[in-house]
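Visitor: Below are the chains, spelled out letter by letter.
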Amino acid sequence: MSGFSRRALLAGSGGLLLSGCDRIVASPTAKSVLSLGEKASRSAQRLVAGNALAPEFSAADISPVFRVNGNTRPTAAAYLAQMERGFADWRLRVDGLVGRPMDLTMAQLRALPQRTQITRHDCVEGWSAIGQWTGVPLGLLLHGAGALPQARYAVFHCADDFSGTPYYESIDLAEALHPQTILAHTMNGQPLSVGHGAPLRLRVERQLGYKQAKYVMRVELVATLAGLYGGKGGYWEDHSGYQWWAGI
Amino acid sequence: MTRSVNRSPLILRIRWPVRLWHWINALTIFIMLMSGMMIFNAHPRLYWGKDGANFDPAWLEIGNHGTHGFVALGGHEIPSTGLVGYAQSTALAFPPLVTLPGHYNLSLARGWHFLGAWVLVASLAGFLVYALVSGHLRRDLGLSREERRPRALWHDVTEHLRGRLPRGEAARRYNPLQKIAYLSVIFVLLPMMVATGLAMSPTMNAALPWLLDMLGGRQSARSLHFLCAAGLALFILVHLIMVVLAGPINELRAMITGWYRLPPERTP
Numbered sequence: 000m001s002g003f004s005r006r007a008l009l010a011g012s013g014g015l016l017l018s019g020c021d022r023i024v025a026s027p028t029a030k031s032v033l034s035l036g037e038k039a040s041r042s043a044q045r046l047v048a049g050n051a052l053a054p055e056f057s058a059a060d061i062s063p064v065f066r067v068n069g070n071t072r073p074t075a076a077a078y079l080a081q082m083e084r085g086f087a088d089w090r091l092r093v094d095g096l097v098g099r100p101m102d103l104t105m106a107q108l109r110a111l112p113q114r115t116q117i118t119r120h121d122c123v124e125g126w127s128a129i130g131q132w133t134g135v136p137l138g139l140l141l142h143g144a145g146a147l148p149q150a151r152y153a154v155f156h157c158a159d160d161f162s163g164t165p166y167y168e169s170i171d172l173a174e175a176l177h178p179q180t181i182l183a184h185t186m187n188g189q190p191l192s193v194g195h196g197a198p199l200r201l202r203v204e205r206q207l208g209y210k211q212a213k214y215v216m217r218v219e220l221v222a223t224l225a226g227l228y229g230g231k232g233g234y235w236e237d238h239s240g241y242q243w244w245a246g247i
Numbered sequence: 000m001t002r003s004v005n006r007s008p009l010i011l012r013i014r015w016p017v018r019l020w021h022w023i024n025a026l027t028i029f030i031m032l033m034s035g036m037m038i039f040n041a042h043p044r045l046y047w048g049k050d051g052a053n054f055d056p057a058w059l060e061i062g063n064h065g066t067h068g069f070v071a072l073g074g075h076e077i078p079s080t081g082l083v084g085y086a087q088s089t090a091l092a093f094p095p096l097v098t099l100p101g102h103y104n105l106s107l108a109r110g111w112h113f114l115g116a117w118v119l120v121a122s123l124a125g126f127l128v129y130a131l132v133s134g135h136l137r138r139d140l141g142l143s144r145e146e147r148r149p150r151a152l153w154h155d156v157t158e159h160l161r162g163r164l165p166r167g168e169a170a171r172r173y174n175p176l177q178k179i180a181y182l183s184v185i186f187v188l189l190p191m192m193v194a195t196g197l198a199m200s201p202t203m204n205a206a207l208p209w210l211l212d213m214l215g216g217r218q219s220a221r222s223l224h225f226l227c228a229a230g231l232a233l234f235i236l237v238h239l240i241m242v243v244l245a246g247p248i249n250e251l252r253a254m255i256t257g258w259y260r261l262p263p264e265r266t267p
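These protein sequence lines map, in sequence, to chains Z and R. For the first sequence, numbering that gives the first Met the number 0 gives the first residue as 0, with consecutive numbering after it. For the second sequence, numbering that gives the first Met the number 0 gives the first residue as 0, with consecutive numbering after it.
Calculated directly from the structure, the hints in this document are not laboratory data. The C-beta atom is built at its ideal place from N, Cα and C for all residues, glycine as well. Watch out, some of these pointers could steer you wrong.
[Claimed, not checked] Quick list of simulated restraints, FRET-style, between CB atoms:
1. Q87(R) <-> A110(Z): 56 to 62 Å
2. F161(Z) <-> S183(R): 53 to 59 Å
3. L52(Z) <-> L72(R): 34 to 40 Å
4. E168(R) <-> L35(Z): 45 to 51 Å
5. R45(Z) <-> L131(R): 28 to 34 Å
6. R45(Z) <-> D212(R): 21 to 27 Å
7. Q113(Z) <-> L210(R): 26 to 32 Å
One chain only, chain Z, in its complex shape (with noise of 0.2 Å):
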């Protein structure tokens, strides 16, 4: 058999093996024995996390450059409105679950105690980058806001889209009440830039980067996640299959 006849009947079967494999995971039973492993990696990983801190870092370790990723400039006009006036009117809206539904200016939010972290952020793709962020714990606006018992998920609606399909990111109140989850308005001791989500972006720093939400127009407690927008908790869950737990 020449060389060449070889490769190809490897690459043949190969490819047969691999479409095999595309095509298994195309049946709904296929993606739910998948997602067997995100189950048991949350439910592990809640457990021997519980609620610890993820690492802090010193000044030294801020990295010069902080890739932007996702969306860098949203384009919707109350946006594009806003930016032009400094944010001065942006308001934060606390709804959904709660006893008292709040709406509150950035001046509001600033006046707030605040807390300064120096973190690492991951993105799924697997580049790391470290910065200083300062903002409001979120446990603090759903506290003030009253969160109703049945709330079980807090739900980040943002001012950014793709090609008209709003942004939106989701975790559970485990995560939201976590002392280093905040909303941040500021970055590296700087008003957070329209790349990294002015005025107001979520952190949540033990998970992967698709979860820190930017552009946070309104936060709302929710007892379940079917019926919002696709339905699985945030735009890439929705449109591309990725895992809700992104802690890791």
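Based on these hints, arrange chain R on the given structure of chain Z.
Guide: Quick look at chain R alone, frame taken from chain Z:
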């Protein structure tokens, strides 16, 4: 346990728990390597330290200039068109032939990788308990005092290089190099894969910050994960070559049924 057939005896060489572990591993390691290569394709650059992204120098990069693939080691580019960087008319680091799935899909590759990881860890844990309790580790894998002597090891190396594998009674047990290869996979490469994999998880970094520090930060852990995976791939390659050299039918039968026919002694 010996069944004598003609001159060379058939022995029960591999017990069922080891055979079961072997085949579960064979399947999961391929799933892990192939889905891992797809995940690597999402950011085909490796760094040392705590952080690292596109603006930082990468010690390893697989990329392309148009249809010309390259591997850059420490900034030095080596052409690799047709292998990695650009192959199968695809501008990906690892070509579709060797990735799972066979097209760019990061979320699906992650689905395979994390399901595979649970199977790999559970079966490794099961094997380790069995190996300790049954005596498999001490009896079959541990090197005797004799075998640990540098002279004996060197002799085994030269015998391997000359293509002279043990025969007859000497083939009843694993040879020293073989034991070292298996022990390295069981106690170094596989545990390192798990440790470096966990160290890339931001939630596990909160739970086990010492692990992250021990490995030198997340991007170092990612680099080590890749290097240990390459080590496993190399092991599999050598392992398969040795199976062919030692007699593929006999070796395959031993790993499926447990029964192994001792190769007859060399006639002078």
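Visitor: None of the hints should be skipped; say for each whether it holds.
Guide: Going through the hints against the structure:
Checking the proposed 56 to 62 Å range against Q87(R) and A110(Z) shows it holds: the Cβ atoms sit about 58 Å from each other. In this structure, F161(Z) and S183(R) break the distance hint of 53 to 59 Å, their C-beta atoms being roughly 46 Å apart. Between L52(Z) and L72(R), the C-beta spacing of about 37 Å keeps the proposed range 34 to 40 Å intact. At roughly 47 Å, the beta-carbon separation of E168(R) and L35(Z) lies within the given 45 to 51 Å, and the hint holds.
Checked against the hint of 28 to 34 Å, the pair R45(Z) and L131(R) passes, with Cβ atoms roughly 30 Å apart. For the pair R45(Z) and D212(R), the beta carbons lie near 23 Å from each other, so the given range of 21 to 27 Å is met. Roughly 31 Å separates the CB atoms of Q113(Z) and L210(R), a value that falls within the hinted 26 to 32 Å.
Going through the hint list in order, the structure does not satisfy hint 2, though it satisfies all others.
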